[in-house]
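Chains A and B are the protein sequences, given in the same order.
Okay, so the first sequence: first residue is 1 according to the working numbering, each after it adds one.
Okay, so the second sequence: first residue is 1 according to the working numbering, each after it adds one.
Bear in mind the hints are in silico, worked out from the structure with no lab data behind them.
What you are looking at is a predicted structure, and each value in this text was computed from that prediction instead of being measured.
Ideal placement from N, C-alpha and C gives every residue a C-beta, glycine not left out.
Take every hint as true, because none was put in to throw you off.
Residues from chain A that face chain B, not an exhaustive set, calculated with beta carbons under 7 Å:
no., residue
1, Asn105
2, Gly150
3, Cys151
4, Leu240
5, Gly371
6, Arg397
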Amino acid sequence: MCFPESIEEISAAVGIACRHRVPFVARGSGTGLAGGATPVGDPLVIVTTRMNRILEIDAADRVAWVEPGVCNLDLSRSARHLGLHYAPDPSSQQACSIGGNVGTNAGGPHCLRDGVTSAHVLAVDVVLADGVITRLGGLAPDTPGYDLRGCFVGSEGTMGIAGRIAVRLLPDPPAVRTLLLDFASVAAAAATVSGIIAAGIVPAALEMMDAPITRLVEDFVGAGYPRDAEAVLLVEVSGLPEGVAAEVSGIGQVGRDHGARHVRVAADDAERELLWKGRKSAFGAIARIAPDYYLHDAVVPRTRLVEVLARVREIAAAQDLLVMNVFHAGDGNLHPLLVFDAREPGIWERVHAAGNGIVRACVEAGGVLSGEHGIGLEKRDLMPLVFDPDDLDAQARLRDAFDPSGLANPEKVLPRGSRCGEATRAPEGTWV
Amino acid sequence: MSAIEDVARSVERAAAVEITGAGTHCGIGAPVVTEGPLTRVAAPAGIVDVQPADMTVRVLAGTPVASLAAALAEHGQECPLDPEDARATVGGVLACGVSGPRRLRHGPLRDAVLEVRVVTGEGRVVRGGGPTVKNVTGYDLPRLLVGSHGTLGVVVEVVLRTQPRAETGRWFTTTAAPGELRARLYRPACLAWDGARTHVLLEGHAADVDAEARMLDLVPTASPSRPPGAHRGRISVEARRIGALATRLRDLEVTWLAEVGVGTVHVGATDPGALDAARFAASAEGGWLLREAGAPDLDPFGLPVPNSALHERVRAAFDPLGKLNPGRLPIAQVQT
Ligand SMILES: Cc1cc2nc3c(=O)[nH]c(=O)nc-3n(C[C@H](O)[C@H](O)[C@H](O)COP(=O)(O)OP(=O)(O)OC[C@H]3O[C@@H](n4cnc5c(N)ncnc54)[C@H](O)[C@@H]3O)c2cc1C
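Using the sequences and the hints given, assemble the complete structure.
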């Protein structure tokens, strides 16, 4: 394991790994949920936590240069006095690094309207797998050639290591309103999500929580969430005041048309923050009822939410597991949480069986394997569910183009046998 | 499906392929050159599936942008590809990678593509990305294909992100400093500065548009026209250097229009030499100029592709025999 303090030191570390033909794995804060930063075998782990400086904030041009270890929330905090913020806000934003966000193409509640990480990364200075430092993308709007920047974002450390990152900052909106709608059924809440989008409103954020998690959060935070609701929607709209007012009433109307019991509009910033605190504490709150949870991540077309949520419940029930849903409903990004006690014998088989069933149900509904956590190790072997052999072969060749040596985070993202004609036998001593 | 298979078979059989769209962007990129026979291939056309409640559309890449726009307009939606000439095909616009004038608010072209289906140089049909609005399953092929000038694959089908059309979209003009406009307006769709005046496109709720216009004394006007001239290009420069670039461009026989906050500067000239001079000015400010029309003797990009070794490997991953649009995007030969 090493802790470089500059991009040159990352390059030196990668260079040494290369010379000794040792695989290397980039690691930010280690909050990743797909196992992308998990060492497999005995690689060199290159940890970016010491590279946590914000190098420059250009307020006029709304661009920041950061080192990869900068904590996501620290960037927005540092830009706050300038009336700017960094839009991608994963729920783990107090801990995760911008480098890790680039690695996973992270999303967050406020990515519904403004886009996930890739839409906010302008340039990345990367250390390629042979130790060479190069810039992908740039601050000018276009560069001649392919969008290698776009390709690198979300590559989970398999195409090199980000050593310096330029991101776009957005101006804080003049008006922000946060709404809480509660429903007597999950189906009504899910139909409201589709209804809002169909009405031509794209909120800044549109999150859903089902009954079990709502109650838990309410016990934990006391945000005033209705304990008897089957589902709640937390919706935020922002922008210029008249547009925001029109969207607030439009959303209220769609909600009531779908049977919302209450439409609460936060009166002030304190109430808004309280409502968000509930959402952001969801994962912490679970510790109150069970020691362990498995958080899934998959996406379905938002028009299919109602049926897929019902399927998720059935699948969990069939394995006799409690499932809770707290997720980015606006973009169809499900996060079913399976709650359990790992000490229970045989529990992992059930958790994995349910998880597998959930992912398959999402794919059958026209969805994809992951919306924001990535593929890593967790979903690597499920890739053939959504890609055929030619698709996987093309991805494998693309990866080899970036990393001919095959030393950059091997064993992640693509299943063995992705290259057409490649032997699928595992080499001696590898972790499967 | 069979139309896509047809493209795949043509590519497979061909020695070299030139991919054709509507021909509206043919000034972009270098001419296709090959010694042997050249097979012309076009992507099929047609709108496969509009999903307004999902804000996505699946479309065959040979579809004219105008047809796509009309189909989306029926649902009050749009996809801001915004080429100058709406006869352009969706695939052609994406391959050229030229973003529309509303990039300041709506982002670059590459952010609009969710899924791509391409025919690679070996005639395989490969899909990347996915149909949902959010997705990190596998590598980002959609972004890679945007701006690849047809050298990685024949884009045959795409899924695009759509958005509701704003209630109001109106152009205004003002002599206020562009920097001040950028600082005071909340996410305008376009700030097009010609050195004297700025054309401002505001989108949103009518009352908000009116209020912002009043606040800054903006005067209603028609949309600005792109700089005229037979020889045209677009400069890409860091947005903060537009002012310095303008100072240089003022001394030249060119007309120009800068997208403030973006860093795109549209340039037009009656003399190809003047376009070359604009390119020189751009490079003095760390930018570059893409030739878009005319100036046949001008290098199409004027700047070697950076990371040429990596670029060459990526190209070879999709088109190992170099069949697709050979010569269109010159990548410097790498010394090994
Ligand atoms: C409670 C909780 C809530 C979460 N909520 C969200 C959420 O809302 N949205 C979301 O998207 N994710 C969420 N996550 C997942 C996780 O926080 C994100 O994936 C985050 O982007 C990972 O950042 P990290 O710094 O921890 O990276 P790590 O876990 O250290 O690494 C993640 C991946 O990125 C690669 N990587 C790390 N640094 C670099 C680098 N410098 N260059 C190239 N590759 C690199 C690693 O190799 C690995 O593949 C959540 C996690 C937790 C625990």
